[in-house]
Amino acid sequence: AQSVTQLGSHVSVSEGALVLLRCNYSSSVPPYLFWYVQYPNQGLQLLLKYTSAATLVKGINGFEAEFKKSETSFHLTKPSAHMSDAAEYFCAVSARGGGSNYKLTFGKGTLLTVNP
Amino acid sequence: GAGVSQTPSNKVTEKGKYVELRCDPISGHTALYWYRQSLGQGPEFLIYFQGTGAADDSGLPNDRFFAVRPEGSVSTLKIQRTERGDSAVYLCASSRTRGNEQFFGPGTRLTVL
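Protein sequence lines, in the order shown, are assigned to chains B and V.
Quick note on numbering: my numbering labels position 81 of the first sequence as 81, and the sequence is numbered without any gaps.
Quick note on numbering: my numbering labels position 13 of the second sequence as 13, and the sequence is numbered without any gaps.
Everything labelled a hint here was simulated from the structure, so no lab data went into it.
Be aware that a few hints might be false.
BS3-like cross-link-like pairs, simulated, lysine-lysine; straight-line CA separation at most 30 Å [said to hold, decoys possible]:
id, chain 1, residue 1, chain 2, residue 2
1, V, K17, V, K78
2, B, K108, B, K58
3, B, K108, V, K11
4, B, K58, B, K69
5, V, K15, B, K68
6, B, K108, B, K68
7, V, K78, B, K108
8, B, K49, B, K108
9, V, K11, V, K78
Excised from the complex, chain B in its bound form:
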């Protein structure tokens, strides 16, 4: 079984400031980990994913995340926030391995607000 906890349902930052969105996971098997972004009235878009290669994963739009097994964390960061980053962000986990169907288990989401 898998689960995801996103700490902070709402994060507010100033334009140009560091963005840090927290995600902790629980998985009984080796996981794949994902960050998705959802803009208003749009579908989910994949930002980045961890699939057991490098633990520091770089994604689109300047975002990156680091897989820390000892902390069961996969926090999302961006050095400098842009106004266009304002959206809802979801962390997700799936099992990997031959028997997995790779269904995603999502956290509740974090709404990112960027202030001018």
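Chain B is already provided as a structure; the job is to place chain V on it using the hints.
Using the frame of chain B, we list chain V on its own:
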């Protein structure tokens, strides 16, 4: 190329009615997933198809919910005797095969009055 499309984008129905929600996956994608996103929550898995068969329907909340994918492409999620608690955004995603990136459609917003 075309992404995942879902129709209708919005559906308003009355309690007790039957509804069908359609998903057109990306051409050639064999894996198809349905998720449900309630207000203030992350998406929750409903059902997974590999080809024409429902390989995992463990997320369907009860027997009022059913989904088909008869030709391995378009899928329809069917909800009988709708209840107000069924109100949510229903998301469809497809991937080239299981284990590849899932591409999401824009969703169908279902409102049960």
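Cross-check of the supplied hints:
no.	hint	verdict
1	K17/V to K78/V	11 Å, holds
2	K108/B to K58/B	23 Å, holds
3	K108/B to K11/V	24 Å, holds
4	K58/B to K69/B	17 Å, holds
5	K15/V to K68/B	46 Å, violated
6	K108/B to K68/B	21 Å, holds
7	K78/V to K108/B	25 Å, holds
8	K49/B to K108/B	18 Å, holds
9	K11/V to K78/V	13 Å, holds
In summary, the structure is inconsistent with hint 5 from the numbered list given earlier, while agreeing with all the others.
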